[in-house]
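A.B. asks: Sequence:
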Amino acid sequence: MLTRRHSLALLAAGCAAPLWSSAARAQGSFPDQPVKMIVPFAPGGPADIIARIIGQVMGTKLGQPVVVDSRSGAGGAVGVEAAARSRPDGLTTVLASTGALVVLPHLMPRMAYDAQKDLAPITHVLSVPQILVVKKGRGMASVADVVAQARQQPGKLTFGSAGNGSSLHLAGELFKLKAGIDITHVPYRGAAPAVTDLLAGTIDMILADVPVVLPHIRSGEVLALGVTAEQRAPILPEVPTMAEAGAPGVVSQTWYALFAPAGTPADRIAKLHDAAAAALQDNDVRRSLADQGGQVVGSAPEQLAAFMVSENKKWGELVKLANVTLN
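Residue numbers for the sequence shown, in my numbering: 71 to 397.
Certain hints may be false.
[To be verified] What follows is a set of in silico ranges between Cβ atoms, one per label pair, in the way DEER data are often shown:
1) Ser358 <-> Arg288: 17 to 23 Å
2) Ser380 <-> Ser142: 25 to 31 Å
3) Thr254 <-> Pro135: 44 to 50 Å
4) Gly260 <-> Thr130: 45 to 51 Å
5) Ser142 <-> Ala214: 35 to 41 Å
6) Asp215 <-> Arg180: 41 to 47 Å
7) Arg357 <-> Asn397: 38 to 44 Å
8) Arg180 <-> Gly319: 31 to 37 Å
9) Gln373 <-> Pro304: 17 to 23 Å
10) Lys206 <-> Asp159: 51 to 57 Å
Rather than coming from a laboratory, the hints here were simulated on the basis of the structure. As the structure is a prediction and not an experimental result, all values here were calculated from the model. Where a beta carbon is used, it is the ideal one built from N, C-alpha and C, also for glycine.
Using the sequences and the hints given, assemble the complete structure.
C.D. replies: Put into structure tokens, the structure is as follows:
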């Protein structure tokens, strides 16, 4: 016969067991709900497209959907801040790019986050080089021609960008520095209006991400003179690198990398990395990313951390040397 004390003991054990097993199940089955991937730019842009391409395969690997969450504003800083302030449980990631991670911190006196302290690296996803293109009829058929004209008429030639402090602006400043030339920067509110003015002949050239100008290169409206990468772009193998074209040291890419909030457990970072790696090894994913004009990377977390340190130093030094501001 059960005593009241025995009954209470069994009831307590019966209640505790489901709680314990539920906790164990939750601990061992990450993720047990959808994983959010913040994109710090508007829907339809390159970052959004890349996130959706890799997110689908990552979701299959993780056993939970990866949901893209657009948080645009302040050149990507709004979305990165949202990720940095999220709970470090592995259920929030962010696909961030060059500007918000290693450029804006040198241009804005008060940043709401420190990318190297507040984010945990997962993997370097993709690097997209810029390409120097010029308007036809300007008498410039090579990088050497651009340099020669710029030296003959300092400050006369113009280059457009997606705005002060953008990766396209810094690519132009790097070209100026390495080639020892003076060309005038014309900032726009995005790459699209800069390309429009290039086609209209309002500006002479632009260093733009490959996908932005690829249709105009293929149509023959503009001339592609050099790619700002260490190797030629597979999508445009006939175009030399800037070094091959006579401007060594002009290496500039818009890169995209995946992060979680700092403090996310290492085993969850590892699982997110494995899912991202599986996506980046998928043939369909690689083909789709190649259409974005970039090179798939797929680094380990520690490699991405080292890359961040290197890029932060490189662009920080250029911002100072070129006196780049957001105004």
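A.B. asks: None of the hints should be skipped; say for each whether it holds.
C.D. replies: For each hint, the structure was consulted:
{"no.": "1", "hint": "Ser358 <-> Arg288: 17 to 23 Å", "verdict": "19 Å, holds"}
{"no.": "2", "hint": "Ser380 <-> Ser142: 25 to 31 Å", "verdict": "27 Å, holds"}
{"no.": "3", "hint": "Thr254 <-> Pro135: 44 to 50 Å", "verdict": "48 Å, holds"}
{"no.": "4", "hint": "Gly260 <-> Thr130: 45 to 51 Å", "verdict": "34 Å, violated"}
{"no.": "5", "hint": "Ser142 <-> Ala214: 35 to 41 Å", "verdict": "39 Å, holds"}
{"no.": "6", "hint": "Asp215 <-> Arg180: 41 to 47 Å", "verdict": "43 Å, holds"}
{"no.": "7", "hint": "Arg357 <-> Asn397: 38 to 44 Å", "verdict": "42 Å, holds"}
{"no.": "8", "hint": "Arg180 <-> Gly319: 31 to 37 Å", "verdict": "32 Å, holds"}
{"no.": "9", "hint": "Gln373 <-> Pro304: 17 to 23 Å", "verdict": "22 Å, holds"}
{"no.": "10", "hint": "Lys206 <-> Asp159: 51 to 57 Å", "verdict": "54 Å, holds"}
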